[in-house]
Every structure is written in structure tokens, then in C-alpha cells.
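Novice: Residues per chain are reported as follows:
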Amino acid sequence: MNSALIIMAVFLLITIFLGIQAKKGRDMDLEQWTVGGRGFGSIFIFLLMAGEIYTTFTFLGGSGWAYSKGGAAFYILGYGALMYVISYYLLPPIWKYANKHRLMSQSDYFTKKYNSPYLGVLVALVGVIAMIPYLVTQFQGLGIIVSEASYGIISPTLAVWIGAISVTVYVMVSGIHGSAWTAVLKDFMILAVCIFLGIYLPFHYYGGFEPMFKAINEAKPGFTALQDKGLSTSWFISTVLLTSLGAYMWPHTLGASFSAKSPNVFRKNAIFMPLYQLILMFVFLVGFAAVLQVPGLKNGDLSLLRLSEKTFDPWFIGLIGAAGLLTAIVPGSLILMTSAVMLSKNVVQVLAPKVPDQTVSKLAKYLVPFIALITVFATLKGGTALVPLLLMGYSLVTQLFPSVAFSLLKRNPITKAGAACGIIAGIAVVAYTTISGAAIASLFPSLPQAFKDLNIGVVAMVVNIVVMAVVSLVTKKSRSVQIDEEAEVNIG
Amino acid sequence: MKYIHLLSILPFLGILVGIIFANRVTPYVLGLPFMIFWLLLWLFLTSITLAIVYKFDPQNKEEETANE
Chain U
141 MNSALIIMAV FLLITIFLGI QAKKGRDMDL EQWTVGGRGF GSIFIFLLMA GEIYTTFTFL
201 GGSGWAYSKG GAAFYILGYG ALMYVISYYL LPPIWKYANK HRLMSQSDYF TKKYNSPYLG
261 VLVALVGVIA MIPYLVTQFQ GLGIIVSEAS YGIISPTLAV WIGAISVTVY VMVSGIHGSA
321 WTAVLKDFMI LAVCIFLGIY LPFHYYGGFE PMFKAINEAK PGFTALQDKG LSTSWFISTV
381 LLTSLGAYMW PHTLGASFSA KSPNVFRKNA IFMPLYQLIL MFVFLVGFAA VLQVPGLKNG
441 DLSLLRLSEK TFDPWFIGLI GAAGLLTAIV PGSLILMTSA VMLSKNVVQV LAPKVPDQTV
501 SKLAKYLVPF IALITVFATL KGGTALVPLL LMGYSLVTQL FPSVAFSLLK RNPITKAGAA
561 CGIIAGIAVV AYTTISGAAI ASLFPSLPQA FKDLNIGVVA MVVNIVVMAV VSLVTKKSRS
621 VQIDEEAEVN IG
Chain P
11 MKYIHLLSIL PFLGILVGII FANRVTPYVL GLPFMIFWLL LWLFLTSITL AIVYKFDPQN
71 KEEETANE
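As given, the protein sequences belong to chains U and P, one line each in that order.
Each residue of the first sequence is one higher than the last, beginning at 141 in my numbering.
Each residue of the second sequence is one higher than the last, beginning at 11 in my numbering.
Treat each hint with caution, since some may be false.
The calculated DSSO-like cross-link candidates involving lysine-lysine, where the alpha carbons are at most 30 Å apart (straight line), are [to be verified]:
| hint | chain 1 | residue 1 | chain 2 | residue 2 |
| --- | --- | --- | --- | --- |
| 1 | P | Lys12 | U | Lys550 |
| 2 | U | Lys438 | U | Lys369 |
| 3 | U | Lys401 | U | Lys252 |
| 4 | U | Lys164 | U | Lys502 |
| 5 | U | Lys252 | U | Lys240 |
| 6 | P | Lys65 | U | Lys164 |
| 7 | U | Lys550 | U | Lys209 |
| 8 | U | Lys236 | P | Lys12 |
| 9 | U | Lys360 | U | Lys209 |
| 10 | P | Lys65 | U | Lys616 |
| 11 | U | Lys401 | P | Lys65 |
| 12 | P | Lys65 | U | Lys236 |
| 13 | U | Lys240 | U | Lys163 |
| 14 | U | Lys252 | P | Lys12 |
| 15 | P | Lys65 | U | Lys240 |
| 16 | U | Lys408 | U | Lys164 |
| 17 | U | Lys354 | U | Lys450 |
| 18 | U | Lys354 | U | Lys369 |
| 19 | U | Lys209 | U | Lys505 |
| 20 | U | Lys505 | U | Lys494 |
| 21 | U | Lys502 | P | Lys12 |
| 22 | P | Lys65 | U | Lys408 |
| 23 | U | Lys369 | U | Lys163 |
| 24 | U | Lys252 | U | Lys505 |
| 25 | U | Lys401 | U | Lys550 |
| 26 | P | Lys65 | U | Lys163 |
Partial list, computed: chain U residues near chain P (C-beta under 8 Å) [said to hold, decoys possible]:
| hint | residue |
| --- | --- |
| 27 | Phe214 |
| 28 | Leu217 |
| 29 | Tyr345 |
| 30 | Gly347 |
| 31 | Glu350 |
| 32 | Phe353 |
| 33 | Asn357 |
| 34 | Lys360 |
| 35 | Gln417 |
It is worth saying that the hints were derived from the structure and are not from the lab.
For each residue, glycine too, the CB sits at the ideal point set by N, CA and C.
Build the full structure now, drawing on both the sequences and the hints.
Specialist: In C-alpha cells:
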């Protein structure tokens, strides 16, 4: 037993305790379990929404990108600002509609807005297919962090099992209340660790930020800006735009927003959230500090941990490990819960309408360990094949954006058939390009470089919107029912 | 749609269009390469923009009295 291990174990126990006590005598019906009885104020929503951003992927991946790709990593700050401008306008009307109709999940929203349970099934399946790889990468990150921070005493496999069991227990007991309470601890830890590392390491090794960046740019000219080809400005613009549109299309993020107690919570949050992105800046600084100190890592995601091991005593590595553990568990808990609710409420109950509500609620809870188990196996067997799946997950949920955006108009010109066909067409393009590894450069080799570097997701989005528009025009007649629905909702 | 909402376009211009001009290493500002400084600056400016929009957004006052 070393001190790092003891510290991580203590934090894990605190996390499980916080997660379980969050129930506090509440009667956990499905509404309480999934959307916290719609009673969360600004602070809990702030932390839940931040939970989505500060995941293992940012902790390891953010420093990893800065380490291996340099300036391109800063696209994360770009969409981190713009997604909140979008949320200022997107979330309040969605929340109002969800509150009025007692919705619990993203696919409930589609079911109700487009008056089509089967569109809800489609959206639920897309969401779950996108979320499982996301959860797998969280677990993978957890395995890396814990095994590195325990200096190899705990194997990644054991770490993944421990993490998965802990999160399953408190999600089953407390649902979203558990996520909110553990998010408090997580954000406190990650703030403290990242800010400290991001300031200490550049000063310790280089004597300041400017000397560090000058040293890097001398060794690798232009490393801290965008490249001329590949990760270029047109890549940056298209990627920032797509990711900021897609960010709130993750079912667990949109679903968590239903737990707010008023729409004003989102507008206030939108003001402060861009500032909260500053933490990422510190994560990037760690990655940059590692460039010249631990050069030659094949897996850039290890840069933060390797540089820290080189610099600090084991007890401090334990704190970093604990922060990393929490960044995997908190978003993991939301994803687990959301997948379970969508499978049980939006898939099973639609396909078997006779099932009573109580059974649906129970089924959701019992699906949690089942989904966790699948994810653990995928994590342990999957290896690196899962990285493209994660990227695909982001592109998949982004395909839901056009039909959500149009649904906010007073008179939605999009029919349920149009929405469904658009989503399916967009997904087909995403799947084809992901699996074949196609990029715009390989599909259209004669285009100018700026077009070649565009994010391939742009093509999927365009196909989606065109199909959606054409099918909606053809199926226009069936939409009178929907307009009555729409008329009630004022988007202001 | 109130005119104040047009302000929300600013962060998009600053980040998506601004990057074309800001994509450079020098000059260093506050010890940071220029592009990094530029994006950091826009985190603050985005926050300020939304705060101004929020202050003048009439919908907030209506909802505040209705809900709280």
C-alpha cells in the first residue's frame, strides 16, 4: 500500500457515501430518479452541466491533445464558449416544453413534439449507441488513471471493475441526486488540481508561461498555432461550429437540463460557463509543459500523469488520481442513468405498450447494472478500436440538432417523417465515413485545401437537412395535428 | 426577437472569423502565444456579451416574477 493508493481509496469511499446519502429519504419514483423532481437550482445545474465538460476525456485527452497536436487543442475553448451562447436560446424553450409535458428524456421530447413514439424509439437508439462508446472511454480513462497513479499496483482491469461497481450502486440508489452530489466534490477536486498543475509545472520547468511557449516554438516552430494543412483554420471553424451545435444533443446533457427548476437557471449559467472553461486552459498548459519534459510519448493522453509522476511525491499523485477517478465516475453516472431510462421508457414501453409505469420505472433501475456490465466488457475487450466510435458518437448526436432546432419554431415546417429520414440519412453518412475512414480530402481530392480540411460532419449535416426538407415537403399533409401542438408553445 | 439578441452574434464572429486573423504565434500577450491569448480573451468577452444580453432581455423579468 502506498500513500497514493490510500488517498484514492478514501476519495472513492467519500464519493460512494455522497452518492448514496443523496437519496435522503426521498421516494425515488422515475421522475425523482431521472430529473430530480425538477427542483435543481443554478448551482446543481451548473455542476451537472460542467460534469459533461470536465470528463476523463478532457483531463487526459485535453492535455494529450496539447501535447501531441499543439494549438489545435484550443478548438475546445472555441466551442466551449459558443455552446453556451447557443444554450442561452436553446435550453429555456426546451425546458418549458419538457416541464409542461412532464418529459424525462431527450427522446420523450421528440415523441411529444413530433407526435411520434417511433421517432422517440429512433432517437433513443441513436442516443444509446452514441453514449455507450462515450462511457467506454470514461472507463478506459479511469483504468489508465488509477493504474498509473497507483504505480501499477492496481491493474487497469481491476480499476475498471471497482469504478463500474461504485457508480452502479449509487446510480441505482439515488439516480440524478447522486450525480449532482458527487459533481460537487468532483469539480472542487478538478479545479484545485488543474489550476495548481497548470501554474506550477510551467514555472517549475521553464520559469514561466512565456519562456515555456518560446522554448516550445523554438523546438517546434508554429506548434502553438493551427497548421497550414489538416488541423487548419477551416478545420477549426467547421469543428467548433459542429461541436457547439452538437454539445447539447447528448441525451444525458439535455436530460439533465430537465432537472432545473426554472428556465432562468440556464440563462444565468450561460453567463458563467464560458469563464469556467478557463480550467481547460490550465489542462492545456500541463500538456505543453510535458512537450519538452517527457518527449516521445506515443500515447499523448499519458502526458499529464507521466510529467506529474516525474515531478511530485506519491501522495500528490494520489490526489491527481482521485480527481481523475471522479471525472470518470460523475459523467459515467449520468450516462448510465440516461441510457437505462431511454431503453426502458422510450423503447420497451413503446414496443410493449401494456407494460405499466411502475414496471418501466423498475426496469430502468435494473438496466443500470446490465448496461454497466456491457460497458465493462467493451472496455476490457475493445482496446483502441473504440476511439473512432467515440468520435462517431459525437457526430451521431449532432445529427439530432436540425430537427430539434426546427421544432422550436412556432410553425415547424418539418414533419415526423422528415425528421426521421433526415436523422437516418445523417447517421448513414456518419457511419459510412467513420467506417471507411473517408475524409473530404479523399472523397473530393480536387477541392482547394481549405475545403479538404473541413470536418466531415459538415457533409452529414448537409445531407441530413436536405433529406429532412425534401421528405417534409412530400409528407406535408400529415402535419395538421402537430401545428395545434406547436401553437401552444411560445419560444419568445 | 429583440435587437439586443443580435449581440449574441459577436462571439461567433470573434471566434470563427477572428481565428483567420488570430492564427499566429507572435506577438506574445500576457506570456501567451497570440492565438491562445485570442481564444482566452473571447471566453471573457462571450461571458460579458451574455451578461449584457441577459440584463436587457425582457423575458427574464417576466419569468422571474412568474416562477419565484
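Novice: Does Lys616 (chain U) sit within 30 Å of Lys65 (chain P), going by the straight-line distance between their CA atoms?
Specialist: Roughly 40 Å separates the two Cα atoms, so the pair is violated.
Novice: Holds or violated: the hint that Phe214 (chain U) contacts chain P, with Cβ atoms closer than 8 Å.
Specialist: Nearest chain P Cβ about 5 Å off; hint holds.
Novice: Does Gly347 (chain U) pass the interface hint, meaning its C-beta sits closer than 8 Å to a C-beta of chain P?
Specialist: 11 Å, violated
Novice: Verify the proposed pairing of Lys209 (chain U) with Lys505 (chain U), using a straight-line Cα cut of 30 Å.
Specialist: The given pair, whose Cα atoms are some 41 Å apart, is violated under the 30 Å limit.
Novice: Assess, step by step, whether the Cα of Lys369 (chain U) is no farther than 30 Å from the Cα of Lys163 (chain U), and give holds or violated.
Specialist: 52 Å, violated
Novice: Need the status of pair Lys354 (chain U), Lys450 (chain U): alpha-carbon distance at most 30 Å?
Specialist: 22 Å, holds
Novice: For the pair supplied as a hint, Lys252 (chain U) and Lys240 (chain U), is the alpha-carbon distance within the 30 Å limit?
Specialist: Judged against 30 Å, a Cα distance of about 11 Å means the pair holds.
Novice: Within 30 Å, alpha carbon to alpha carbon, are Lys354 (chain U) and Lys369 (chain U)?
Specialist: 23 Å, holds
Novice: So if I understand the rule, the pair passes when the alpha-carbon distance is 30 Å or less; does Lys65 (chain P) with Lys408 (chain U) pass?
Specialist: Between Lys65 (chain P) and Lys408 (chain U) the Cα gap is close to 10 Å, so the pair holds against 30 Å.
Novice: Assess, step by step, whether the Cα of Lys12 (chain P) is no farther than 30 Å from the Cα of Lys550 (chain U), and give holds or violated.
Specialist: With Cα atoms ~17 Å apart, Lys12 (chain P) and Lys550 (chain U) stay inside 30 Å; holds.
Novice: Does the closest beta carbon of chain P sit nearer than 8 Å to the beta carbon of Tyr345 (chain U)?
Specialist: With a closest approach of 15 Å, the Tyr345 (chain U) hint is violated.
Novice: At a threshold of 8 Å, is the proposed contact between Glu350 (chain U) and chain P supported by beta-carbon distances?
Specialist: With a minimum Cβ separation of about 4 Å from chain P (threshold 8 Å), the hint on Glu350 (chain U) holds.
Going through the hint list in order, the structure does not satisfy hints 6, 7, 10, 19, 21, 23, 26, 29, 30 and 34.
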